Structures are given as structure tokens and as C-alpha cells.
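Visitor: Number 10 in the numbering used here belongs to position 16 of the sequence shown; there are no gaps in the numbering.
Hints are computed from structural coordinates only; laboratory data are not their basis. Hints may be right or wrong, so weigh each one.
Restraint-style ranges between C-beta atoms, simulated for each label pair [what the hints assert, rightly or not]:
id, residue 1, residue 2, range
1, V56, I15, 12 to 22 angstroms
2, G65, A107, 16 to 26 angstroms
3, A12, V99, 28 to 38 angstroms
None of the values given here were measured: they were computed from a predicted structure. Heads up, the beta-carbon is just placed ideally off N, CA and C, and yes, glycines get one too.
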Amino acid sequence: ALAARGFATVCLEELGWAEQIAVFRRARVVVAPHGAGLANLAFCAPGTRVVELVGRAYFNPVFWRLAALRGLDYRPVLARAEGGAAAGQIREDRSENKRDLTADVGAVLTALAG
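Kindly produce the complete structure, drawing on both the sequences and the hints.
Guide: Next comes the structure, spelled out in C-alpha cells:
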């Protein structure tokens, strides 16, 4: 769904530090799961839209705070982790970070639309 809208998949672990900075500086929109790679939001231009996919059982506001400091348009989308919390449950469970996430495409597109 995102590729059809012009989005490119970027694997940050395959890029050097300078390349990661360049990717985030050029980005107008970032859609990504919660993870260390989002520390690169520090290099985004103000106004960049950020859609963070977050597990229902582990919501850490660190990237929301970073986005606020940088003047980014932050929009979290709750995603279901395989074997994770059921809908409506939000709690702090760090094991959620190691699970695959499944996000509702409609929710992501709504976050992108504004």
C-alpha cells in the first residue's frame, strides 16, 4: 500500500551513519516501527510527518518527545504484536519490542492523510 504511494523501504542497518542522516534529512514523511533507528528523527526538517508503529503493550514516548522538540508532525499508530496484547490493552511490556508488528493499513493511511 505504501509503495504504491511512492514510499521507499529503507533498511537502516544496511546504511552507515552519514547515509542514515541523509535519508532522514531528505524525508518528508517517515513511517517506521518503534526502534532505535528513529533516533535519526533528530535530523528531519521541521514539519516532517512521522507515523510511528507502536506495539499495544509497550508505548514509550521517547520519539514523540523527540518529534515535539524538532517540530515534527508525530502520529502514532497502535499495531498488534504477534502474541502480544489484545485490542484496547496498553501496558509496559518490553518483550513486545522483539515481536513482529501488524498494523492496520487503513489506520496508517489515515495517519498519513492528516
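Visitor: Quick one: are A12 and V99 within 28 to 38 angstroms, going by C-beta?
Guide: holds, 33 angstroms
Visitor: Could you tell me whether the CB distance from G65 to A107 stays inside 16 to 26 angstroms?
Guide: Distance hint for G65, A107 holds at roughly 20 angstroms.
Visitor: Evaluate the given range 12 to 22 angstroms for the C-beta pair formed by V56 and I15.
Guide: For V56 and I15 the Cβ distance comes to about 19 angstroms; the hint holds.
Consistency note: the structure conflicts with none of the earlier hints.
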